[in-house]
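Chemist: Produce the complete structure using the sequences and hints provided.
If you want the working numbering, it's the position in the sequence shown, counting the first as 1, plus 971.
It cannot be assumed that every hint is accurate.
Dumping the calculated EDC-like pairs for lysine to aspartate or glutamate here, alpha-carbon to alpha-carbon at most 20 Å [claimed, not checked]:
{"no.": "1", "residue 1": "1236", "residue 2": "1258"}
{"no.": "2", "residue 1": "1023", "residue 2": "1114"}
{"no.": "3", "residue 1": "1236", "residue 2": "1018"}
{"no.": "4", "residue 1": "1365", "residue 2": "1432"}
{"no.": "5", "residue 1": "1236", "residue 2": "1304"}
{"no.": "6", "residue 1": "1135", "residue 2": "1104"}
{"no.": "7", "residue 1": "1023", "residue 2": "1116"}
{"no.": "8", "residue 1": "1236", "residue 2": "1323"}
{"no.": "9", "residue 1": "1395", "residue 2": "1448"}
{"no.": "10", "residue 1": "1365", "residue 2": "1383"}
{"no.": "11", "residue 1": "1077", "residue 2": "1130"}
{"no.": "12", "residue 1": "1365", "residue 2": "1291"}
{"no.": "13", "residue 1": "1135", "residue 2": "1117"}
{"no.": "14", "residue 1": "1259", "residue 2": "1130"}
{"no.": "15", "residue 1": "1078", "residue 2": "1130"}
{"no.": "16", "residue 1": "1259", "residue 2": "1273"}
{"no.": "17", "residue 1": "1120", "residue 2": "1130"}
{"no.": "18", "residue 1": "1078", "residue 2": "1104"}
{"no.": "19", "residue 1": "1236", "residue 2": "1432"}
{"no.": "20", "residue 1": "1236", "residue 2": "1182"}
{"no.": "21", "residue 1": "1111", "residue 2": "1017"}
{"no.": "22", "residue 1": "1078", "residue 2": "1116"}
{"no.": "23", "residue 1": "1077", "residue 2": "1047"}
{"no.": "24", "residue 1": "1365", "residue 2": "1305"}
{"no.": "25", "residue 1": "1365", "residue 2": "1388"}
{"no.": "26", "residue 1": "1111", "residue 2": "1018"}
Now the in silico label distances, taken between C-beta atoms and shown as ranges [what the hints assert, rightly or not]:
{"no.": "27", "residue 1": "1172", "residue 2": "1142", "range": "41 to 49 Å"}
{"no.": "28", "residue 1": "1065", "residue 2": "1033", "range": "38 to 46 Å"}
{"no.": "29", "residue 1": "1120", "residue 2": "1152", "range": "44 to 52 Å"}
{"no.": "30", "residue 1": "1169", "residue 2": "1439", "range": "43 to 51 Å"}
{"no.": "31", "residue 1": "1445", "residue 2": "1260", "range": "35 to 43 Å"}
{"no.": "32", "residue 1": "1142", "residue 2": "1078", "range": "23 to 31 Å"}
{"no.": "33", "residue 1": "1019", "residue 2": "1051", "range": "18 to 26 Å"}
{"no.": "34", "residue 1": "1115", "residue 2": "1152", "range": "52 to 60 Å"}
Hint data in this document are derived by calculation from the structure and do not stem from the laboratory. We treat Cβ as the ideally placed atom computed from N, Cα and C, and that holds for glycine.
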Amino acid sequence: MTRTIQRTPVASQGDERGNGLGQEPTDLQQDTEGQREPYKVLIVDDETHILKAVQRLFLGQGYHVLTAPSGADAVELFREHNIAVIISDQRMPGLSGAALLNYVRKKSPYTVRIMLTGNNDVATAIEAINQGEVFRFITKPWDHDEFLKIVGLAIEHHELLISKVRYEEHIRGQNQQLSALNAELSDLNEDLERRVEERTREVVSRQEEIERLYRELQGSFDATIKALVSIMELGEVHVIEHCQRTAERVRMFCEMLELSEDECKEIERATLLHWIGLINAPPRVFEKPVEELDEEAKASWEFHTVLGQQAIHHVPALREPGRMILHYLRRHDDPSFGAEQIDPATGQAYGEAFVRGCQILGICSTFERVRTGLRGSERTEVAGAVERGLRLLKEGAADGAFDPALVRRFGDMVAREMATARTKEVVVRFDELRPGMVLARPLETAQGIPVAPRDMIITDELIARLGRFQESNGLNEIRVWG
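Modeler: This is how it looks when you write it as structure tokens:
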């Protein structure tokens, strides 16, 4: 019997879903019209009428049917085609059906194997199962519908096997890509960590440099103010004494209000210079209350804020203190001087902190002017001077000059201060001076030059300045409150 090939043309399936000897499954091939070839089904039987009967059965079913009269011929066809399903008779001359299916299992595991055998052939079934791992058995004579159903199931099983292989290949590929990406990501992370560490070191280094420059700037800032204060000492002594006393008062008030260190420092710097515009003022400005000054003296007083601001305006670091000096006598009820009002000089709102700072400076300066008395007048008792200063502030709060809330807090501070005030004078040597002591009398050099006013709070900075006078000219008796 000769080998034959029967083709049944279809337009919906392709031949590459089958698999040749040991080859991996491939995608469906396209024919010249872009259509896929049908699955290939191989029928193996040594009886010609069986082969023809099966061919007739598959007519119109959409399969590409191949036939082989023997196991040897089937092996040759496997070398030439990708077979999706093989249906083999068991009893054939030469290579038996079980042996053929076992061969196909090893060489083409994705080809689905079906055994065609007679009824009640139990030994054949066992051999086929053990050797060929057959998918189904079809007995002779067969039922046509059942035969076609089994082959359809075999094609579906073949597709599942191919899909499983492709899925596993896809997963392997994805895993390989993932491994490569993980390796690349690991390298990127290491590089990123290295760059972050380098950047962090740079940022820390720059931050340290910025902090160093800021400290130098602040030191330069304070040094500039000290230089100006030293110049002020060469002029009207009442000016520098008042600025220094008021600065100490401002510091205490800011600490009581729990303002930030930066805000306290800003107000204190302005305070040290806030009377710089009075250096060349006529002496009578300091001898009478403002409301009792003559026209010339009153003009000097009213314009000292403008002169003070202009005196330091060209020093960039002192422009903000200069703004506070310019505005520190502004009234609390001035509608053009609120936190949200625009400063014509800057084009920006004054801001809550700035307005508060001006009020604090105005309150402290007014109080110290009254508390320490006026030059040329007799010193009043401490309690009486304090009471008069507080009364003036309360009157100012009542008519809108000062912030009532700030005046109330300031009064609380002074009341606590008076409750713990010391009234006994103690003579101390220069080397016995300590920060926190308060001068009971004005301090002068041996030549009678005033260097510190009465009620001045001793600070490390003041001790250093007094030390220079002690070394050069000597100091008179030092009396502090004990």
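Chemist: Would you mind marking each hint as holding or not holding in the structure?
Modeler: Right, here's what the structure says about each hint:
With a C-alpha separation of about 30 Å, the suggested pair residue 1236 and residue 1258 falls outside the 20 Å cut-off, and the hint is violated. Under the criterion of a C-alpha separation no larger than 20 Å, the hint pairing residue 1023 with residue 1114 is consistent with the structure, at around 16 Å. For the suggested pair residue 1236 and residue 1018, the alpha carbons sit about 114 Å apart, so the restraint of at most 20 Å is broken. Pair hint residue 1365 plus residue 1432 does not hold up; C-alpha atoms about 33 Å apart against a cutoff of 20 Å.
With a C-alpha separation of about 26 Å, the suggested pairing of residue 1236 with residue 1304 is violated against the 20 Å cut-off. Taking the CA atoms of residue 1135 and residue 1104, the gap is about 18 Å. The hint holds against a cut of 20 Å. The suggested pairing of residue 1023 with residue 1116 holds, with an alpha-carbon distance near 17 Å, which does not exceed 20 Å. Distance check on the hinted pair: residue 1236 and residue 1323 sit about 16 Å apart at the alpha-carbon level, within 20 Å; holds.
Note on residue 1395 and residue 1448: the hinted pairing holds, with a Cα-Cα distance of about 16 Å set against a maximum of 20 Å. For the proposed pair residue 1365 and residue 1383, the alpha carbon gap of about 12 Å is at most 20 Å, so the pair holds. Taking the CA atoms of residue 1077 and residue 1130, the gap is near 18 Å; set against the 20 Å cutoff, the hint holds. A C-alpha spacing of about 28 Å is found between residue 1365 and residue 1291, which places the hinted pair above 20 Å, so the restraint is violated.
A distance of roughly 27 Å separates the Cα atoms of residue 1135 and residue 1117; the hinted pair therefore is violated under the 20 Å criterion. With a CA separation close to 112 Å, the supplied pair residue 1259 and residue 1130 exceeds the 20 Å bound. Between the alpha carbons of residue 1078 and residue 1130 the distance comes to roughly 18 Å, so the proposed pair stays at or under 20 Å and holds. Pair hint residue 1259 plus residue 1273 holds up; C-alpha atoms about 14 Å apart against a cutoff of 20 Å.
Taken as a hint, the residue 1120 and residue 1130 pair is honoured in the structure, with Cα atoms around 15 Å apart against an allowance of 20 Å. Taking the CA atoms of residue 1078 and residue 1104, the gap is near 13 Å; set against the 20 Å cutoff, the hint holds. Taking the CA atoms of residue 1236 and residue 1432, the gap is near 15 Å; set against the 20 Å cutoff, the hint holds. The straight-line distance between the Cα atoms of residue 1236 and residue 1182 is roughly 17 Å, inside the 20 Å bound, and the hint therefore holds.
Among the hinted pairs, residue 1111 with residue 1017 is consistent with the structure: their alpha-carbon atoms are about 14 Å apart, no more than 20 Å. A C-alpha spacing of about 30 Å is found between residue 1078 and residue 1116, which places the hinted pair above 20 Å, so the restraint is violated. Of the pairs offered as hints, the one joining residue 1077 and residue 1047 holds, with about 15 Å between alpha carbons and a cut-off of 20 Å not exceeded. A hinted pair counts as satisfied when its Cα atoms are at most 20 Å apart, and residue 1365 with residue 1305 qualifies at roughly 17 Å.
Between residue 1365 and residue 1388 the alpha-carbon distance is near 18 Å, which keeps this suggested pair within the 20 Å criterion. With a C-alpha separation of about 12 Å, the suggested pair residue 1111 and residue 1018 falls inside the 20 Å cut-off, and the hint holds. The hinted window of 41 to 49 Å between residue 1172 and residue 1142 holds, with their beta carbons roughly 44 Å apart. For the pair residue 1065 and residue 1033, the beta carbons lie near 32 Å from each other, so the given range of 38 to 46 Å is not met.
A hinted range of 44 to 52 Å holds for the C-beta pair residue 1120 and residue 1152, which are about 46 Å apart. Remark: the range hint 43 to 51 Å for residue 1169 to residue 1439 is upheld by a beta-carbon distance near 49 Å. Between residue 1445 and residue 1260 the beta carbons are some 37 Å apart, a value that agrees with the proposed interval 35 to 43 Å. Restraint check, residue 1142 to residue 1078: a C-beta distance of roughly 25 Å satisfies the suggested window 23 to 31 Å.
Checked against the hint of 18 to 26 Å, the C-beta distance between residue 1019 and residue 1051 comes to roughly 21 Å, which is consistent with it. At roughly 54 Å, the beta carbons of residue 1115 and residue 1152 sit within the given window of 52 to 60 Å.
Of the numbered hints given earlier, the model fails hints 1, 3, 4, 5, 12, 13, 14, 22 and 28; all others are met.
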